[in-house]
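Please build the complex by placing chains P, V and D with the ligands on the supplied structure of chain W, with the hints as guidance.
There are 4 protein chains.
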Amino acid sequence: MKNIGETIQSGDWKGEKHVPVIHAPEKVKKGEAFEIKAIVGEKIPHPNTLEHHICWIKIFFQPKDAKFPIEIGNSEFSAHGESEIYNEPSVSLTTKIDKSGTIHALSYCNIHGLWENSIEISVE
Amino acid sequence: MKNIGETIQSGDWKGEKHVPVIHAPEKVKKGEAFEIKAIVGEKIPHPNTLEHHICWIKIFFQPKDAKFPIEIGNSEFSAHGESEIYNEPSVSLTTKIDKSGTIHALSYCNIHGLWENSIEISVE
Amino acid sequence: MKNIGETIQSGDWKGEKHVPVIHAPEKVKKGEAFEIKAIVGEKIPHPNTLEHHICWIKIFFQPKDAKFPIEIGNSEFSAHGESEIYNEPSVSLTTKIDKSGTIHALSYCNIHGLWENSIEISVE
Amino acid sequence: MKNIGETIQSGDWKGEKHVPVIHAPEKVKKGEAFEIKAIVGEKIPHPNTLEHHICWIKIFFQPKDAKFPIEIGNSEFSAHGESEIYNEPSVSLTTKIDKSGTIHALSYCNIHGLWENSIEISVE
Ligand SMILES: [Fe+3]
Ligand SMILES: [Fe+3]
Ligand SMILES: [Fe+3]
Ligand SMILES: [Fe+3]
Numbered sequence: 001m002k003n004i005g006e007t008i009q010s011g012d013w014k015g016e017k018h019v020p021v022i023h024a025p026e027k028v029k030k031g032e033a034f035e036i037k038a039i040v041g042e043k044i045p046h047p048n049t050l051e052h053h054i055c056w057i058k059i060f061f062q063p064k065d066a067k068f069p070i071e072i073g074n075s076e077f078s079a080h081g082e083s084e085i086y087n088e089p090s091v092s093l094t095t096k097i098d099k100s101g102t103i104h105a106l107s108y109c110n111i112h113g114l115w116e117n118s119i120e121i122s123v124e
Numbered sequence: 001m002k003n004i005g006e007t008i009q010s011g012d013w014k015g016e017k018h019v020p021v022i023h024a025p026e027k028v029k030k031g032e033a034f035e036i037k038a039i040v041g042e043k044i045p046h047p048n049t050l051e052h053h054i055c056w057i058k059i060f061f062q063p064k065d066a067k068f069p070i071e072i073g074n075s076e077f078s079a080h081g082e083s084e085i086y087n088e089p090s091v092s093l094t095t096k097i098d099k100s101g102t103i104h105a106l107s108y109c110n111i112h113g114l115w116e117n118s119i120e121i122s123v124e
Numbered sequence: 001m002k003n004i005g006e007t008i009q010s011g012d013w014k015g016e017k018h019v020p021v022i023h024a025p026e027k028v029k030k031g032e033a034f035e036i037k038a039i040v041g042e043k044i045p046h047p048n049t050l051e052h053h054i055c056w057i058k059i060f061f062q063p064k065d066a067k068f069p070i071e072i073g074n075s076e077f078s079a080h081g082e083s084e085i086y087n088e089p090s091v092s093l094t095t096k097i098d099k100s101g102t103i104h105a106l107s108y109c110n111i112h113g114l115w116e117n118s119i120e121i122s123v124e
Numbered sequence: 001m002k003n004i005g006e007t008i009q010s011g012d013w014k015g016e017k018h019v020p021v022i023h024a025p026e027k028v029k030k031g032e033a034f035e036i037k038a039i040v041g042e043k044i045p046h047p048n049t050l051e052h053h054i055c056w057i058k059i060f061f062q063p064k065d066a067k068f069p070i071e072i073g074n075s076e077f078s079a080h081g082e083s084e085i086y087n088e089p090s091v092s093l094t095t096k097i098d099k100s101g102t103i104h105a106l107s108y109c110n111i112h113g114l115w116e117n118s119i120e121i122s123v124e
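For the record, the sequence lines run as chains W, P, V and D. Going by UniProt numbering, the first sequence opens with residue 1, and the numbers climb by one from there. Going by UniProt numbering, the second sequence opens with residue 1, and the numbers climb by one from there. Going by UniProt numbering, the third sequence opens with residue 1, and the numbers climb by one from there. Going by UniProt numbering, the fourth sequence opens with residue 1, and the numbers climb by one from there.
Excised from the complex, chain W in its bound form:
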C-alpha cells in the first residue's frame, strides 16, 4: 500500500500530457503582484470529456526557509460537455510573495490520478 504522496506522478510536461506546466516570471519584486499560469496539456492536449478530464489544479508556494508549502489557490474545471461547454484545464492567478521559493502545481485527472510540477522563483 502506497501513501497518497507516493501516487503523485511527474515528468516532462512536453512529453507527458498530464504534467502541469507553470508559467511565472523568474524574478519578481517583493510584495508586487505577478501572474502564475498553470496549464495541463499545453503541448499535448489532454482529453476534456465527461468520461475523462482534468478536475482541478492547486497552486502552492513554499518560501525557501519555510518548512511547509502554503496553498495559494485552487481552480476547478467544472464543465466538460454539459450544454456543449468545455472548460480547458488552464488557470491564471495573481499573487504577492516576499521571499524566493518554489511554486508547486498539483493537478488531478479523474482517470489517471494526481500529477505535479514545480518551478523556482526569486524575489529581488
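For the record, the hints were derived by calculation from the structure and aren't laboratory data. Just to be clear, a hint being listed does not mean it is correct.
You can't tell identical chains apart in this list, so a pair holds if it fits in one copy or across any two.
As the list claims (entries may be wrong) - Only pairs whose alpha carbons sit at most 20 Å apart, straight line, appear in this in silico DMTMM-like list of lysine to aspartate or glutamate:
#1 Lys-30 x Glu-84
#2 Lys-67 x Glu-42
#3 Lys-64 x Glu-42
#4 Lys-64 x Glu-6
#5 Lys-43 x Glu-84
#6 Lys-96 x Glu-32
#7 Lys-67 x Glu-84
#8 Lys-96 x Glu-84
#9 Lys-2 x Glu-42
Just chains P, V and D with the ligands now, kept in the frame of chain W:
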C-alpha cells in the same frame, strides 16, 4: 427569512468593491477557446487579510435557450497573509461554448457574503 | 436575462429530488458543537452518473441579526462511476454557533443548475 | 527542492493532531452505500481560528488492482470565527465501491501544510 438567492448582492463594480467584473470578448467563434477573466476589486481594491478577504469566484454560463446556468469553473483564493503570501481575487479561465448566452460570476466575501455580476456574449 | 440568484430553484424536498434537505437539531447550546447533515435526493434519489449528478452542496449560516450569510462548509462529490466508485450527494459537518438564525443549503446539479433550501435553528 | 508529494506528512493520529483519522467499516458489500468519516484532531484538537485552521480534507479511494487513486470527495471548512461560527474539521460522506482497496485522506492546515492517512477496506 430570506432564501439564499435573495441575499446575493450586486451593483456597479466601478463603485462597489465587492461586485465581480467579468472580462470576455463580446463575440467568439463557436467551439473556439477564449478567455474569461473575473476580478473582485479591480477599480477599488477589496481588503485581502486573514480577517477579511474574498474566498472564491465561481463562473457560470447560461446559453440563451437553456433553462439553467452551467458552472464553468470555481476558483478559490487560499492565501491571505500566511508566510506573507497574498492571492488576489482574480482568475482567468479558458473556455469553449457553442451558443450565445450569459456569463455569470458569483463571489463570496467572508464578511460581506455573496455578490454577482453578468455579461452577454455572442457566438458567431 | 436573469441574474444568477433568480436561477436558484427550490421546492418541497419530498417531491422534488433536487432540493437539499437539511437535518440539524431545532435547538443547540451556544458554542457547543452539533451536526448539520445535508442530502440531495433523500426521498427520491437523484441520478449519480458521469452524465448527470450533483456536484456540490454548500452550507451557510445567517445569524438572526446579521446582514449576510456566512459559508460554513463546501462539499464536493467527485466520483460518479470512475473505477465503479460513486459518492452519494450527502454530507455531514460539525459546527459551533452562538446565535439563533438560518441554515441555508445550496446545491448544484450539472444538468439542472442551482437549488436551495433552509431551516431555522435556535441557540439557547 | 522537494516535490509536493514529499512535503505530505503523516504519523499516528492519536499523538499528532494534524493527521486525519478515517472511520469506515472494515468490510462492506459490493455497491452498497456506507459512510466514511474523516476528522482532524479527534484526540488532540487542532486550533480553529482565522490565523490557524484546517482548510480542507480530500478523500480518495484506490481499488486494489488500480494504478491511481480516485477522488471521492472534497470538503472545505470555511468558517473559523466569522460571526462566531466555527466549522470543525470533520466530514462524513456516503459512498459505494465494488472492490477492496485503500481509502486515503489528505488534509491541509494553513500553517503546517499537507497531512495524510489511509486505511484498508474490503468488499465481500
Ligand atoms: Fe488523464
Ligand atoms: Fe468584504
Ligand atoms: Fe439533475
Ligand atoms: Fe496546524
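Do the hints match the structure? See the list:
{"no.": "1", "hint": "Lys-30 x Glu-84", "result": "between (43 Å within a copy, 10 Å between copies)"}
{"no.": "2", "hint": "Lys-67 x Glu-42", "result": "neither (31 Å within a copy, 24 Å between copies)"}
{"no.": "3", "hint": "Lys-64 x Glu-42", "result": "neither (28 Å within a copy, 31 Å between copies)"}
{"no.": "4", "hint": "Lys-64 x Glu-6", "result": "between (23 Å within a copy, 15 Å between copies)"}
{"no.": "5", "hint": "Lys-43 x Glu-84", "result": "neither (23 Å within a copy, 31 Å between copies)"}
{"no.": "6", "hint": "Lys-96 x Glu-32", "result": "within (6 Å within a copy, 32 Å between copies)"}
{"no.": "7", "hint": "Lys-67 x Glu-84", "result": "between (44 Å within a copy, 14 Å between copies)"}
{"no.": "8", "hint": "Lys-96 x Glu-84", "result": "between (36 Å within a copy, 8 Å between copies)"}
{"no.": "9", "hint": "Lys-2 x Glu-42", "result": "neither (30 Å within a copy, 24 Å between copies)"}
Violated hints for the displayed structure, listed by number in ascending order: 2, 3, 5, 9.
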